Every structure is written in structure tokens, then in C-alpha cells.
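Protein chains: 2
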Amino acid sequence: MKPTITIEYCPKCGWLLRAAYMAQELLTTFADELQGVLLMPSEVSGRYTICIGDQKVFDRKEIGGFLEIKEVKQLVRDVVAPGKSLGHADRKVHD
Amino acid sequence: MKPTITIEYCPKCGWLLRAAYMAQELLTTFADELQGVLLMPSEVSGRYTICIGDQKVFDRKEIGGFLEIKEVKQLVRDVVAPGKSLGHADRKVHD
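Chains as they are written, first to last, in the numbering used here: chain A, 23 to 117; chain B, 23 to 117.
Quick caveat, the hints were computed from the structure, so don't treat them as lab data.
Computed from a prediction, not measured in an experiment: that's the story for all the values here.
Honestly, I wouldn't trust all of these hints.
No distinction is drawn between identical chains; accordingly, a pair holds when it is met within one copy or between any pair of copies.
Pairs of lysine-lysine, DSBU-like flavour, derived with a Cα cap of 35 Å [to be verified]:
#	residue 1	residue 2
1	K92	K106
2	K24	K78
3	K34	K24
4	K34	K92
5	K34	K78
6	K24	K83
7	K92	K24
Produce the complete structure using the sequences and hints provided.
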């Protein structure tokens with residue numbers, strides 16, 4: 023069973039578009055590795071988390087902000103497809 | 023428990039963008055009524071279905087094409103929030 027990614031976002035913060043953008047990036051890059059991406063409006067203000075199955079891999083409140091999409095892809099890759107190269111998105115940010 | 027909508031789309035047909043667009047429309051209109059929207063790439067060529075929980079409310083192959091977004095919203099509204107007005111999106115298409 024392929025994993026499902028859940029992006030829980032605060033709709034009052036206006037993060038639906040951000041979450042939908044990330045979903046499309048992940049579904050493009052990991053088209054064969056994912057069951058799907060669930061966009062879930064949060065009832066908790068300011069929440070933005072990304073979970074792979076039950077495993078939380080990103081929490082805005084812990085980090086104090088957002089990651090660049092290439093960093094998000096690296097986090098997801100490390101769990102769902104450790105051997106997969108992300109090409110130019112595998113370089114560190116600000117290289 | 024609020025219902026989850028699943029949009030299963032054929033990635034080879036290039037329908038990810040369409041599915042993500044519909045997800046955003048539904049999450050905007052039914053922000054308080056939905057648990058979330060799951061974007062799920064299909065392994066079946068040409069598939070594009072919309073399910074509310076286990077209930078299929080749209081199947082491209084049965085209809086022979088796609089619906090306008092206002093019609094999709096009407097289908098979803100009738101299941102998740104029957105009393106909800108969709109405003110100008112409640113008029114028939116081509117009025």
C-alpha cells in the first residue's frame with residue numbers, strides 16, 4: 023500500500039492555495055510512489071503540518087515558518103523513495 | 023465526522039491540474055462541511071471520478087465528459103449540505 027500524504031492547513035490563514043500548490047508538486051514528483059495527497063482544512067488556527075501516513079514530517083509551529091518546496095520534497099523522498107534522485111532539487115537551498 | 027471527498031484522476035491524461043482546481047473550489051465553497059479532499063492518481067487510464075465518502079457522485083466514463091464546476095458543486099452540496107445556497111452557482115448552466 024502506497025502512503026498517503028496529508029497536508030493540514032489553516033484556512034483562515036489563507037493557506038489553501040499553498041497547500042494545493044504543494045500537493046501538485048508532490049503528486050508530480052512522486053506520481054508513482056503515493057496513494058494520494060489529502061488537503062485537510064484545520065480547525066486549529068495557524069496550523070500547517072505535513073504527514074506521511076501517521077508520521078509528521080513538517081510542522082510550521084515547530085520550525086517557525088515554512089520550507090522551500092525542494093526541502094519539502096527531500097523530506098518526502100527520504101520516507102517514500104529513499105533511493106530516488108530529485109535532480110536539481112537535490113542540491114541544498116541557497117547553493 | 024465530516025465527509026472526505028476523493029478525486030481520482032488519470033495522471034497520464036494530464037488531469038492533476040483539473041483535479042487540484044476542483045479540490046480548491048470545493049474546499050473554498052465547503053470549507054466548514056468537509057473533512058478534506060483527497061487527490062488520488064488513478065492506475066486506470068482515463069479515469070476521473072469524484073466520491074463523497076464511499077458514494078460516487080461523478081464518473082467521467084458514465085457521463086462521457088466533464089461537468090462544469092458549478093454542477094460539481096451542486097452534486098456535492100446535495101450530499102454534504104442540502105440546505106446550503108450556492109448563490110449564483112445555483113442557477114442552471116447556460117441560463
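At most 35 Å between C-alpha atoms: does K34 with K24 qualify within a copy, between copies, both, or neither?
-> both (31 Å within a copy, 18 Å between copies)
Should K92 paired with K106 be assigned to within, between, both, or neither, using CA atoms and 35 Å as the limit?
-> within (14 Å within a copy, 40 Å between copies)
Between the shortest in-copy and the shortest cross-copy C-alpha distance, which are at most 35 Å for K24 and K78: within, between, both, or neither?
-> both (16 Å within a copy, 22 Å between copies)
Could you figure out if K34 and K92 sit no more than 35 Å apart (CA to CA) within one copy, between two copies, both or neither?
-> Both. Shortest intra-copy (25 Å) and inter-copy (24 Å) distances satisfy the 35 Å Cα cut-off.
35 Å Cα cut-off: does K34 pair with K78 within a copy, between copies, both or neither?
-> For K34 and K78, both the intra-copy (22 Å) and inter-copy (30 Å) Cα distances are at most 35 Å.
35 Å Cα cut-off: does K24 pair with K83 within a copy, between copies, both or neither?
-> Both: 28 Å inside a chain and 25 Å across chains, each within 35 Å.
35 Å Cα cut-off: does K92 pair with K24 within a copy, between copies, both or neither?
-> Answer is both: 21 Å inside a copy and 32 Å across each meet the 35 Å cutoff.
The structure meets every hint from the earlier list without exception.
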